[in-house]
Amino acid sequence: MKMSVYAVETRKLVKHYNKGKVKAVNGLDLRIKKGEIYALIGANGSGKTTTIDMLSGVLMPTTGEMNVWGLPQPKNRKKIAHYFGIAPQEYALYLDLSIWENITFFGKLYSLSREEIENTGKKLLEILNLEEKKDVIAEQLSGGMKRRLSIACALIHQPPLLLFDEATVGVDPVLRAYFWSYFRKLRDAGKTILITSHVMDEAEKADRIGLMRAGVLIEEGTPSELKQKYSVDTIEEVFIHLSGDEIIDE
Amino acid sequence: MNERTHKRFSFARSMAVTRRILTQFRRDRMTFGMIVLMPILFMFVFGATLSGDIKNVPIIVENLDDGFGEINMGEAIYDELLLDDRVDMREGTYLKGSEMIESGDLVASFLFESNFSTEMILTGNASIKLYIDGTKPQIKGVVYGALTDAMQAILEGRGINIEEELAFGGAEFSGLDVTIPGVMGYILTFLILLLAVLTVIREDIGKTKLRLFSTPLTPVERILGYVLALSLLAMLETVLVLGIAIFIFGTVVKGSILLLFFAGLLYGMANIFLAFFLSNFAKNEFQSVQLAVLVAIPSLAFSGMMIPISSLPPIIATMSKFIPLTFAITIFEGIMLRGWGLEQLWFEFTLIFLLTICFFILALISSSDKSKD
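These protein sequence lines map, in sequence, to chains A and B. Taken in order, the first sequence gives residues 1 to 250; the numbers are from the numbering used here. Taken in order, the second sequence gives residues 1 to 373; the numbers are from the numbering used here.
What the hints contain is simulated information worked out from the structure, not anything from laboratory work. Be careful, since some hints might not be right.
Each computed DSSO-like pair below joins lysine-lysine, with the alpha-carbon atoms no more than 27 Å apart [claimed, not checked]:
#	chain 1	residue 1	chain 2	residue 2
1	A	Lys19	B	Lys370
2	B	Lys209	A	Lys75
3	B	Lys55	B	Lys96
4	A	Lys75	A	Lys33
5	A	Lys133	A	Lys122
6	A	Lys78	B	Lys283
7	A	Lys75	B	Lys207
8	B	Lys207	A	Lys133
9	A	Lys34	B	Lys96
10	A	Lys21	B	Lys372
11	B	Lys372	A	Lys134
12	B	Lys370	A	Lys75
13	B	Lys372	A	Lys19
14	A	Lys21	B	Lys370
15	A	Lys75	B	Lys55
16	B	Lys96	A	Lys78
17	A	Lys34	A	Lys75
18	A	Lys227	A	Lys34
19	B	Lys283	A	Lys19
20	B	Lys209	A	Lys133
21	B	Lys55	A	Lys79
22	B	Lys372	A	Lys23
23	B	Lys370	A	Lys79
24	B	Lys283	A	Lys23
25	A	Lys12	B	Lys7
26	A	Lys19	B	Lys207
Just so we're clear, the structure is a prediction, and the values are computed from it rather than from any experiment.
Chain A with its partners taken away, still in its complex shape (with noise of 0.2 Å):
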């Protein structure tokens, strides 16, 4: 395997729908260094759920290259499987079965024996507050712990990656900040996150932002540099500059 300082490369990046009519993703050039926390920023249909998509190995672009931690997607999919775990936009759990059932399953499919689920289980549960709710069925649990709960099948495996779609959207404040402050516990015990959100101020508590629009990336940057490059308070205002009068939800 290469050795890169990139998690995540992706040249010239090329999602068509519907026979090109849909460009969902067109043309994105993107680059997330290891041990970073990245935020993909955009309206709902600017691209970021179809880059996430391509990343994981679930949908197959239509030109473009892109490698994931070092090995080229999608041609390495099924091992590129086990360097990063996703948080998919939907909750995507079996909400017939219950909190522990459900990382214990993901646990499986990547191998992992019983043990190492026990022992990482247990330790993503009290992290995540899910302790004294593990055997509770999925269906019955509140947004947010679904949310949590989602989080810790991704993280049941400890990839070095870690995909976010629309991980912090719609849960209360109190949740979100202590997601951000986890997810830089997690930044520095080494992994790498790419999280995407059309919430513009989330995007201050990442470490790069790229924004992005009709496919591809229109700016990148630290939350700092962004804002004085543009001499604006807040990621928000960047985004409004750089949109000029357009309508944002695409």
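With chain A's structure known, arrange chain B on it following the hints.
Using the frame of chain A, we list chain B on its own:
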């Protein structure tokens, strides 16, 4: 992460899928109830309605026969019919009977003329007047059958004597016994298809399928996991159907019960793979039920379960040869009614086995682990 995680094929991953599906079935009481109760319901409904034991058909026989000497053949036939439980003899005249048929209260009305015995004995040619409701050929056939048997009984060796020798069947078989193999095949078709398609489609609806695609789980491992879980359900269904047939309906199984069980399981697996393939065409639970019905109805009509294939129009009879249930029923009937084994049924077994392989390949080809654009 360690080296073993890069294994191309992992049976443990398939088993994780199997365990998960079985836990989900256990939790879903409605579906679990369906798995247990549906075979019982099907057996009772189909068993009772398709058994072929038509009884108590209401008829009137007016006997005006004066007899010939001491012989009164009209009276003798009348007495024989009284003992036959296929018909229910009502009091009345031929004319009253005709009126009752017109109003739908009676099926047949007979009249033996006063010279019936005389004509029969002297000329060997006598007539019976019969007015009969011809709308239901099956019931009409029962009436004719009862009359023929009664006449045969009173002729006591005179006239045509049929020397009957049964190849299969006999007194120990009821109409229900001969129906059960077909019902068993139908249950294994409809229920297994329905359960399998619903199980696969549930993954789509919960959006968990895409998440699975992003894991190391391969399509072969996923299908194997599903098949193991659903095969256990097919086994449960086969045991239930056989148990109900043998212990509740007292069905006679002349051949090997083990072979019958194996045949049921093999056929169940063919349907599981077929369901996997079909589930690619369904987007929701409603569509998946429609697909199961789409396969089940032609199977019901053309497999010889309800109407013998020889009685079907030539084009339909040809179509029946492309319906797996046709061959499954041949196997089930062969084992249960005729006591056949692999020696006689090798062709049908091979065919079902090849179909299972064929459906497996179709399931595998159509089961991508990538999102559809």
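Outcome of the hint check:
no.	hint	in the structure
1	Lys19(A) <-> Lys370(B)	holds (18 Å)
2	Lys209(B) <-> Lys75(A)	holds (20 Å)
3	Lys55(B) <-> Lys96(B)	holds (22 Å)
4	Lys75(A) <-> Lys33(A)	holds (21 Å)
5	Lys133(A) <-> Lys122(A)	holds (12 Å)
6	Lys78(A) <-> Lys283(B)	holds (26 Å)
7	Lys75(A) <-> Lys207(B)	holds (24 Å)
8	Lys207(B) <-> Lys133(A)	holds (23 Å)
9	Lys34(A) <-> Lys96(B)	violated (98 Å)
10	Lys21(A) <-> Lys372(B)	holds (16 Å)
11	Lys372(B) <-> Lys134(A)	violated (34 Å)
12	Lys370(B) <-> Lys75(A)	holds (12 Å)
13	Lys372(B) <-> Lys19(A)	holds (13 Å)
14	Lys21(A) <-> Lys370(B)	holds (21 Å)
15	Lys75(A) <-> Lys55(B)	violated (69 Å)
16	Lys96(B) <-> Lys78(A)	violated (82 Å)
17	Lys34(A) <-> Lys75(A)	holds (21 Å)
18	Lys227(A) <-> Lys34(A)	holds (24 Å)
19	Lys283(B) <-> Lys19(A)	holds (22 Å)
20	Lys209(B) <-> Lys133(A)	holds (25 Å)
21	Lys55(B) <-> Lys79(A)	violated (68 Å)
22	Lys372(B) <-> Lys23(A)	holds (16 Å)
23	Lys370(B) <-> Lys79(A)	holds (15 Å)
24	Lys283(B) <-> Lys23(A)	holds (24 Å)
25	Lys12(A) <-> Lys7(B)	violated (32 Å)
26	Lys19(A) <-> Lys207(B)	holds (25 Å)
The structure fails to meet hints 9, 11, 15, 16, 21 and 25 from the earlier list, while all remaining hints are met.
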